[in-house]
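Peer 1: The primary structure of each chain is shown beneath.
Number of protein chains: 4
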Amino acid sequence: MTRFEPKNPDYRAIATDTFDRQRAMQTLGISIARLEPGEVDLAMPYSADFTQQNGFVHAGVITAGLDNACGIAAFTLMPAGSDILTVEFKTNLLAPAKGERFVFRAVVVKPGRTLTVCEGRAYAVQDGVETLVATMTGTLMALPRRE
Amino acid sequence: MTRFEPKNPDYRAIATDTFDRQRAMQTLGISIARLEPGEVDLAMPYSADFTQQNGFVHAGVITAGLDNACGIAAFTLMPAGSDILTVEFKTNLLAPAKGERFVFRAVVVKPGRTLTVCEGRAYAVQDGVETLVATMTGTLMALPRRE
Amino acid sequence: MTRFEPKNPDYRAIATDTFDRQRAMQTLGISIARLEPGEVDLAMPYSADFTQQNGFVHAGVITAGLDNACGIAAFTLMPAGSDILTVEFKTNLLAPAKGERFVFRAVVVKPGRTLTVCEGRAYAVQDGVETLVATMTGTLMALPRRE
Amino acid sequence: MTRFEPKNPDYRAIATDTFDRQRAMQTLGISIARLEPGEVDLAMPYSADFTQQNGFVHAGVITAGLDNACGIAAFTLMPAGSDILTVEFKTNLLAPAKGERFVFRAVVVKPGRTLTVCEGRAYAVQDGVETLVATMTGTLMALPRRE
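Protein sequence lines correspond, in order, to chains A, B, C and D. To convert, note that position 13 of the first sequence is 13 in this note's numbering; the numbers rise steadily by one, no gaps. To convert, note that position 55 of the second sequence is 55 in this note's numbering; the numbers rise steadily by one, no gaps. To convert, note that position 76 of the third sequence is 76 in this note's numbering; the numbers rise steadily by one, no gaps. To convert, note that position 147 of the fourth sequence is 147 in this note's numbering; the numbers rise steadily by one, no gaps.
Don't read these hints as lab results, they were simulated from the structure. There may be inaccurate statements among the hints.
Distance windows between CB atoms, simulated [as the list claims (entries may be wrong)]:
{"hint": "1", "chain 1": "C", "residue 1": "P9", "chain 2": "D", "residue 2": "S47", "range": "16 to 24 angstroms"}
{"hint": "2", "chain 1": "C", "residue 1": "T131", "chain 2": "D", "residue 2": "E100", "range": "37 to 45 angstroms"}
{"hint": "3", "chain 1": "D", "residue 1": "R101", "chain 2": "B", "residue 2": "Q26", "range": "44 to 52 angstroms"}
{"hint": "4", "chain 1": "D", "residue 1": "R21", "chain 2": "A", "residue 2": "S47", "range": "49 to 57 angstroms"}
{"hint": "5", "chain 1": "A", "residue 1": "R101", "chain 2": "B", "residue 2": "R34", "range": "57 to 65 angstroms"}
{"hint": "6", "chain 1": "C", "residue 1": "R12", "chain 2": "D", "residue 2": "A95", "range": "25 to 33 angstroms"}
{"hint": "7", "chain 1": "B", "residue 1": "A13", "chain 2": "C", "residue 2": "R101", "range": "55 to 63 angstroms"}
{"hint": "8", "chain 1": "A", "residue 1": "L143", "chain 2": "D", "residue 2": "F4", "range": "18 to 26 angstroms"}
{"hint": "9", "chain 1": "A", "residue 1": "A33", "chain 2": "C", "residue 2": "R113", "range": "29 to 37 angstroms"}
{"hint": "10", "chain 1": "A", "residue 1": "G55", "chain 2": "C", "residue 2": "P96", "range": "34 to 42 angstroms"}
{"hint": "11", "chain 1": "B", "residue 1": "R101", "chain 2": "A", "residue 2": "D83", "range": "42 to 50 angstroms"}
{"hint": "12", "chain 1": "B", "residue 1": "T131", "chain 2": "C", "residue 2": "D10", "range": "49 to 57 angstroms"}
{"hint": "13", "chain 1": "B", "residue 1": "A13", "chain 2": "D", "residue 2": "K7", "range": "49 to 57 angstroms"}
Glycine residues also receive a C-beta, built at the ideal position from the N, C-alpha and C atoms.
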């Protein structure tokens, strides 16, 4: 049950390829867990390398996951030949990012020719229980891809 | 010439210690370049490990630097015995994060007993020229430190 | 089916009274359409008095409705003797605010002792059809009521 | 001393005309106090008609002033034949909006062909003393004007 119709039939390959070319995602250990038109889940294991002073995952790292989930969700709906950039985002931190692993879920709220607005939610998973730790609203922009 | 009067005479040692206990900052290569009451500059060299698909530094990493600059700036004005957490932040990405190194500058706009609002600016530095690449407005909260 | 348990059994009377003491809401013609613990709908008729240059309702007026919906939704979950203030909010404008009337729906995402985070959505209604025109994420703060 | 070079030599007449066609600004009593390329000050007298439950000016009304200041500031730098819309904004409320009158100051942080980012500050003025009551960061979009 998909709410959005992708303009690019190769959206899955293109979105996955764009994700894979992001060295930051590999360094942070973030991978695509689910990819549908306008909807993306990313997953990240806990790593002590990315913690703040109390041992929780740093808000910037949570934001990197949310931003990327929003970006890939928006990108699935953009036409062939597009590049994407983040215009802005807003993150609310709701609970300590404390867990064995983390899930970043994003959905497109409003697709557009130039601008697309997405919402993301970050969950910490501990012993199979998910806790909402952060929300994001982000604006993404489609650009013609530079060759 | 300092605009703010710190409540904690040990603000410098405490803020530096809190920064140093953040593993994420070490992993990202971020260090304190300047620290005054209510004002902080952080520095980060370029690393290909933290790039997005076009080779620029990932927006989440820029946000991690800005968030930490805002947090430390706010923390310098909090009373002894405080811990700090980020409530929320908003980032606008203004230009590609392309440079040899990056500077994150934050200032307190409004200190408060519970909530402190900061503004941060991220600059890319290339051949000695600084380019503004992102802005942040963030809200930080003082909490009694857990022993 | 209510997701939240109000701490104040008089939440409905108190929230309604707080709303009614806001002259701005009367001037803008905004009223409470639905009130549940942690959930509020407000309604506003179109008025040419509050339009921008193209005859659509001004983004600031849409924001006033969203902010109030978020505030009242948060307020229903606060303990007796609380006053409430808005810490910050973020609004994305998704479509022209063009309609006969407008609905502002807010839900609490995370209630807290001090801070509560809400999400709101503004809809324009024309010929019985609702169009999403704006979203808000907002942070509200509980304060002891001043006598 | 102007930081920005307007693309449209008639920027002053066009920006003023766009402002004047906003009925909401007249209803709220907001007027242009200063207009330079990329910089605008708006002024608003206190009115009990736009207050919240404690008699302070409603956050939505403060936001309307800030949004308009940002919009007009951005608009002064757009080419002839442009219309403007607000993409999103973020407001932090720093102090009660309590004063005889209010000033909304906006400056362009980053002008762009499509998107322009502005920062605004709202001040309450009482007995000649200005108090910062709110900040805004906003993204504005240039569109070809519809005839």
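Peer 1: Hint by hint, note whether the structure agrees.
Peer 2: Checked hints:
1. P9/C x S47/D: 16 to 24 angstroms: violated, 36 angstroms
2. T131/C x E100/D: 37 to 45 angstroms: The hinted range 37 to 45 angstroms holds for T131/C and E100/D, with Cβ atoms some 39 angstroms apart.
3. R101/D x Q26/B: 44 to 52 angstroms: Holds - the Cβ-Cβ distance for R101/D and Q26/B, about 50 angstroms, lies within 44 to 52 angstroms.
4. R21/D x S47/A: 49 to 57 angstroms: Since R21/D and S47/A have Cβ atoms about 55 angstroms apart, the given range 49 to 57 angstroms holds.
5. R101/A x R34/B: 57 to 65 angstroms: The hint (57 to 65 angstroms, Cβ to Cβ) is violated, given that R101/A and R34/B are roughly 37 angstroms apart.
6. R12/C x A95/D: 25 to 33 angstroms: holds, 30 angstroms
7. A13/B x R101/C: 55 to 63 angstroms: holds, 58 angstroms
8. L143/A x F4/D: 18 to 26 angstroms: holds, 24 angstroms
9. A33/A x R113/C: 29 to 37 angstroms: 34 angstroms Cβ-Cβ, so the 29 to 37 angstroms window holds.
10. G55/A x P96/C: 34 to 42 angstroms: With Cβ atoms ~47 angstroms apart, the hint is violated.
11. R101/B x D83/A: 42 to 50 angstroms: Between R101/B and D83/A, where Cβ atoms are some 25 angstroms apart, the hint is violated.
12. T131/B x D10/C: 49 to 57 angstroms: holds, 56 angstroms
13. A13/B x K7/D: 49 to 57 angstroms: holds, 51 angstroms
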